[in-house]
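Assembling the complex is the task here: the two chains are given apart, and the hints tell you how they should meet.
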Amino acid sequence: GQNIDQPTEMTATEGAIVQINCTYQTSGFNGLFWYQQHAGEAPTFLSYNVLDGLEEKGRFSSFLSRSKGYSYLLLKELQMKDSASYLCAAYGSSNTGKLIFGQGTTLQVKP
Amino acid sequence: SAVISQKPSRDICQRGTSLTIQCQVDSQVTMMFWYRQQPGQSLTLIATANQGSEATYESGFVIDKFPISRPNLTFSTLTVSNMSPEDSSIYLCSVEGVQGHANTGELFFGEGSRLTVL
Chain A
715 GQNIDQPTEM
725 TATEGAIVQI
735 NCTYQTSGFN
745 GLFWYQQHAG
755 EAPTFLSYNV
765 LDGLEEKGRF
775 SSFLSRSKGY
785 SYLLLKELQM
795 KDSASYLCAA
805 YGSSNTGKLI
815 FGQGTTLQVK
825 P
Chain B
30 SAVISQKPSR
40 DICQRGTSLT
50 IQCQVDSQVT
60 MMFWYRQQPG
70 QSLTLIATAN
80 QGSEATYESG
90 FVIDKFPISR
100 PNLTFSTLTV
110 SNMSPEDSSI
120 YLCSVEGVQG
130 HANTGELFFG
140 EGSRLTVL
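Residue numbers (our numbering), protein chains in the order written: chain A, 715 to 825; chain B, 30 to 147.
Pulled out of the complex, with its shape left as it was, chain B reads as follows (with noise of 0.2 angstroms):
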């Protein structure tokens, strides 16, 4: 299994600010994903963060409003931009387990960052 480290674990904003989600690996994986959790939902894929290009977005979501950074194997980072009080969410970095170089196509979760916009 993949230990997956988040901070901030939660955080509450303004209206108008951005703040940046960074995700830690404790190995080197080739693709990271981010997911959003809205209050009383299911997980939702906002994006896929390759090393070395840039990331690839779901229906719905757009590089200004949720930019990601990928500048290694082991760290990726999610912006939300602009926020506003939709955008209250849990968000997870998640990582496939690998053993090997194969692919196990388990998928492990980080612990989360809960954010909270007034």
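The following block holds chain A by itself, in its conformation from the complex (with noise of 0.2 angstroms):
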């Protein structure tokens, strides 16, 4: 079966670094991405990995390991404004815009 796994829920304080992991399981694997979705909102797009390693995009960074079907994002320097959802999703085929999400982590940032 096709199944994404993440924490559902976490908590941090500002200022800190959190790491939110992911691991998946797709018949198909052309890439993970990462999304940002405060509540009422549509998700934003954050990261996209397709080849193992880190990727950095200023406070955020997103890492792949395809042989161990693993991705985490780590979110340095939290500020309040980072409270929201974040949603693991892979793409479970080669068709194009067929994301397969997992349910979310909601991070909470406190003072």
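Careful: at least some of the hints might be erroneous.
Anything over 10 angstroms on all C-beta distances counts as not near chain B; from chain A, calculated [to be verified]:
#, residue
1, Asn735
2, Thr737
3, Phe743
4, Asp766
5, Arg773
6, Phe774
7, Ser781
8, Lys782
9, Lys790
With a Cα cut of at most 30 angstroms, we get these calculated BS3-like pairs of lysine-lysine [what the hints assert, rightly or not]:
#, chain 1, residue 1, chain 2, residue 2
10, A, Lys790, A, Lys771
11, A, Lys812, B, Lys36
12, A, Lys771, A, Lys795
13, A, Lys824, A, Lys790
14, A, Lys771, A, Lys812
15, A, Lys782, A, Lys812
16, A, Lys795, B, Lys36
17, A, Lys812, B, Lys94
18, B, Lys36, B, Lys94
Quick caveat, the hints were computed from the structure, so don't treat them as lab data. In this text, all values refer to a predicted model and were calculated from it rather than measured experimentally. Think of the CB as a built atom: it goes at the ideal place given N, C-alpha and C, for glycine as much as any other residue.
Here you go:
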């Protein structure tokens, strides 16, 4: 079957670093996405990993290990506005646009 | 990135009625995708809308319930037919990013249409 697993909730302190893990099992694989979704809003694109390794974009970094079916999103220097749901998603096949989403990790940043 | 406009942004509907959601993209795209996000849940792909052909539906979704139109390369509609409270969701239109003539792999979402069925 096809499955994306990520923790349901996480809490962290402003200014700290948090790592959100994601494991996936898909019939095919063409990339791993991370999206940020604030309550009541549409998801916004954060990162897309196709190859193994770490990709850094400012305060956010995303890591992928294809052999382990594992990814993580790393958020540094947390700010209150980072409180949101973070969605891990993968292409389950070569069909463009057909993303399989995890349930999302709700991150609460506390002062 | 693509700019995607959806309307209505939200609506309250009566059971048994139908509502059509419109999605407009600021550039020509081959495929447009319709997702659903039920309360407290993640996103699920409903169907892929291709210009000039019938939409391709995912398991659990049928054309009679969710008819889709794709009249040109920048526009699509999704109709939620004969609505019931279980159809209360956010419906999201999305497209893949394009750079030159190549797809970038990034999927961009519209702001969503939040439907509440009473």
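Hint by hint, here is what the structure shows:
no.	hint	result
1	Asn735	16 angstroms, holds
2	Thr737	15 angstroms, holds
3	Phe743	12 angstroms, holds
4	Asp766	16 angstroms, holds
5	Arg773	19 angstroms, holds
6	Phe774	15 angstroms, holds
7	Ser781	20 angstroms, holds
8	Lys782	21 angstroms, holds
9	Lys790	22 angstroms, holds
10	Lys790(A) <-> Lys771(A)	11 angstroms, holds
11	Lys812(A) <-> Lys36(B)	23 angstroms, holds
12	Lys771(A) <-> Lys795(A)	17 angstroms, holds
13	Lys824(A) <-> Lys790(A)	14 angstroms, holds
14	Lys771(A) <-> Lys812(A)	25 angstroms, holds
15	Lys782(A) <-> Lys812(A)	22 angstroms, holds
16	Lys795(A) <-> Lys36(B)	27 angstroms, holds
17	Lys812(A) <-> Lys94(B)	20 angstroms, holds
18	Lys36(B) <-> Lys94(B)	19 angstroms, holds
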